[in-house]
Amino acid sequence: MAPTSSLHLTCLCGSISEPGSLLSDQETPVYAEMCHCATCRYTTGALSVPFSPLKSSPSATTLNKLQAYASSDIATRYFCPTCGCSCVFYTAPRDQWYFMSGAIEYNPDIKAPAESKNNIFKVMRHAHILDTKDGGLAPFLLHLGDRSVPTWAGIPPPMSASQDSYDLPHEKILSMLGASSKSPTRPPQEGSYLTAKCHCGGVNLLIKRANHAHGDRSRCDYPPDPTKYSTYLCACHSCRLSTGVSLYPWTLVNAENVFNGKTLTSTDGPARITFGFEASNPDANPGPSLKHYWSSHDTCRSFCGKCGAAISYWCAQRPDELDITVGILRSDDGSLARKWLGWTWGECSFSEESTDMELYEAWTRAPGLIKEAVPAYLNS
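Its first residue numbered 62, the sequence shown is counted upward by one per residue in the numbering used here.
No lab work stands behind these hints, which were simulated from the structure alone. No residue lacks a Cβ here, since even glycine has one placed at the ideal position from N, Cα and C. Among the hints, a few may not be true.
What the hints assert, rightly or not - Here are the computed distance ranges between Cβ atoms for each label pair:
| no. | residue 1 | residue 2 | range |
| --- | --- | --- | --- |
| 1 | Gly348 | Glu176 | 26 to 32 angstroms |
| 2 | His358 | Ser78 | 21 to 27 angstroms |
| 3 | Gly215 | Gly348 | 31 to 37 angstroms |
| 4 | Arg379 | Pro287 | 32 to 38 angstroms |
| 5 | Asn342 | Arg155 | 40 to 46 angstroms |
| 6 | Glu176 | Arg426 | 43 to 49 angstroms |
| 7 | Asp228 | Asp344 | 50 to 56 angstroms |
As the list claims (entries may be wrong) - Keeping only pairs whose Cα atoms sit at most 30 angstroms apart, straight-line, the calculated DSBU-like set for lysine-lysine is:
| no. | residue 1 | residue 2 |
| --- | --- | --- |
| 8 | Lys172 | Lys194 |
| 9 | Lys367 | Lys233 |
| 10 | Lys172 | Lys233 |
| 11 | Lys194 | Lys116 |
| 12 | Lys258 | Lys352 |
| 13 | Lys367 | Lys269 |
Throw the hints in and build the complete structure from the sequences for me.
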């Protein structure tokens with residue numbers, strides 16, 4: 062453990078910085094609640110969002126630097142308008158402020174205990190799981206460290222209340238993981254599109270069904286099903302601080318398969334979205350509220366300039382490919398979108414940079430859970 066005074070609350074570009082002493086907890090790992098609701102997914106691009114409570118509001122200086130987005134009449138979210146990091150969440154009914162747990166780090170000016178760097182926060186409960194349809198990441202994160210994590214269908218009680226009971230049994234959540242695959246809805250057909258849309262609708266993309274049948278099948282990033290896109294989690298420093306989320310989900314798509322959803326009815330068909338160097342041109346992509354942050358000279362992270370949702374990651378090393386955030390996908394089978402995506406269960410890029418090792422270790426057990434706890438048809 063370490064005092065939270067050795068932490069700071071920040072973002073990728075560094076324009077946001079609040080002292081760790083603002084956190085409600087006084088020692089690490091700090092308390093976090095993981096929300097799986099649709100609004101959190103559509104405003105961040107993540108599948109689940111960890112929040113850590115604050116003692117009080119961030120400073121006026123910090124709030125003035127952030128862009129506010131009222132996601133409902135009782136909740137306001139604040140994100141960095143430069144790098145897109147989701148930073149602060151305020152809920153009016155409880156008059157409670159939170160900071161995104163993934164954007165909490167040790168102050169670089171303070172030498173942190175080596176064993177603490179990967180254990181800055183720990184998730185103590187899951188909320189709004191029914192919003193996912195399929196359980197989302199919750200089935201894989203029911204047991205963290207040596208504890209069973211309480212799970213809630215919707216809004217949990219205040220944190221001051223007892224956390225020994227919960228209203229959504231773990232068995233129900235595990236059953237949700239397979240339920241959507243039994244749905245009578247037909248699988249997507251070749252040439253069909255999956256909608257990817259942020260909360261405010263300012264970014265509305267159409268992703269064409271994958272077709273790797275004629276590609277290089279020796280490539281390790283192609284899933285076994287050639288009609289699905291390879292999908293994975295990342296724990297790297299840059300993904301965390303550009304989103305506020307510690308385990309971030311990406312799906313790797315062909316850039317030429319991403320279109321502007323608002324042009325679907327055009328007589329010429331939907332228009333392709335421009336990514337990469339050309340996307341910085343003011344005339345590129347008329348319509349969508351996309352903003353771009355170059356986290357390095359050849360790496361571009363894009364987000365919605367209105368609601369702050371992370372949208373995509375592009376790098377010059379693979380200019381014809383694009384990572385799209387999974388949380389904004391609108392698949393009818395649930396938040397994991399398994400009819401469209403080929404998940405690499407249990408794998409996580411840059412796991413050594415994780416700030417909640419319990420989450421990562423739980424995710425590594427996903428292949429066993431898929432094999433033992435849910436039907437074989439999910440094991441793809």
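Structure-based check of each hint:
no.	hint	result
1	Gly348 with Glu176: 26 to 32 angstroms	violated (49 angstroms)
2	His358 with Ser78: 21 to 27 angstroms	holds (24 angstroms)
3	Gly215 with Gly348: 31 to 37 angstroms	holds (35 angstroms)
4	Arg379 with Pro287: 32 to 38 angstroms	violated (19 angstroms)
5	Asn342 with Arg155: 40 to 46 angstroms	holds (44 angstroms)
6	Glu176 with Arg426: 43 to 49 angstroms	violated (22 angstroms)
7	Asp228 with Asp344: 50 to 56 angstroms	holds (51 angstroms)
8	Lys172 with Lys194	violated (43 angstroms)
9	Lys367 with Lys233	violated (36 angstroms)
10	Lys172 with Lys233	violated (44 angstroms)
11	Lys194 with Lys116	violated (34 angstroms)
12	Lys258 with Lys352	holds (15 angstroms)
13	Lys367 with Lys269	holds (25 angstroms)
Of the numbered hints stated above, those contradicted by the structure are hints 1, 4, 6, 8, 9, 10 and 11, listed in ascending order.
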